[in-house]
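Asks: Kindly produce the complete structure, drawing on both the sequences and the hints.
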Amino acid sequence: MKICIACGMPMESISDYAANDPSRDYCIHCARHDGEMQSFQEKKENLVKFIVRTQGFDEKVAEKMAESMMRKLPAWKAFFE
Amino acid sequence: MKSLKRQIQKENTRKKIIETAYRIFSEKGFSVATSVIAKEAGVSHGSIFVHFPTLNDLLVCLVSEFGDKMGESLHLLAKKDSIENLLAEHLNVLEEYEAFYFRLISEINLLPNEAKSTFVIIQSKVAFHFSNIMEREIKKGVIKKLPTHMMFNTWIGLVHYYMLNKEFFSRPNESVLHRYKGELLSNYMNLINRESEV
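Protein chains in written order, with the working numbering: chain A, 1210 to 1290; chain B, 4 to 201.
Possibly wrong hints are sitting among the right ones.
The list that follows gives simulated cross-link-like pairs (lysine-lysine, DSS-like), each with its CA atoms no further than 25 Å apart [stated by the list, open to error]: (1) K147/B x K1258/A; (2) K1211/A x K83/B; (3) K119/B x K19/B; (4) K1286/A x K1211/A; (5) K72/B x K1281/A; (6) K1258/A x K142/B; (7) K72/B x K119/B.
Because the hints were derived from the structure by calculation, they are not lab data.
Replies: What follows is the structure, given as structure tokens:
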């Protein structure tokens, strides 16, 4: 079982993978409509929206939290060096 | 050969420190002195600092390992087909990690920022599965149409309130979650179910 490099979600079934393609290293939630992986900025914006929508955090705090989540993931590490 | 042996020994010491710290922090909270952990783990005080130069390093490592472990258990939530089953599983996972999770929510402000964000990551994993099912059930008309974050925070607030005030709700050494999980779940479901609207 692979772990999505861009959000850390375990990918168990084929439908968890971007474009239903198990050779990819990222999940369906981290892909754009065309199946390519979202950019750093896109992923960050989506994470902020997700945190605000589901947990109601202040936007600035949500942005900080999104960054600290991304910092730990292989796809985004380089953005923090 | 000698260096491999030393490497294994070093790994074992690190493991022992982490396991002991996890147990002691769960029992006594995060302000326990590192010398107490060293004594309980049967290692010299100095060797804790070889592995974790500061207390913050130890806390960050411990909370992050805890987050990974709990995150794996929380993945079970993805397999649930109704909000009631998901919340029941959430309570089961919390009960499994009850002592450490209690320390985490009651002493969150004592923790370094990096450890705080691990807590948010744990909650975000729950919120992810929660919102997926909740939004689906709202569309089906089973659940009242309320903002996702309010429903999520109401649930977390309720569970945390019982945990944080466990001394009022349960006996010493009794699991407050085990005792109240049925009641918490059935009443929360009554609050959000559309059928229960008068």
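Asks: Now tell me, hint by hint, if it's right for this structure.
Replies: Structure-based check of all given hints:
no.	hint	result
1	K147/B x K1258/A	holds, 22 Å
2	K1211/A x K83/B	holds, 21 Å
3	K119/B x K19/B	holds, 24 Å
4	K1286/A x K1211/A	holds, 18 Å
5	K72/B x K1281/A	holds, 15 Å
6	K1258/A x K142/B	holds, 20 Å
7	K72/B x K119/B	holds, 16 Å
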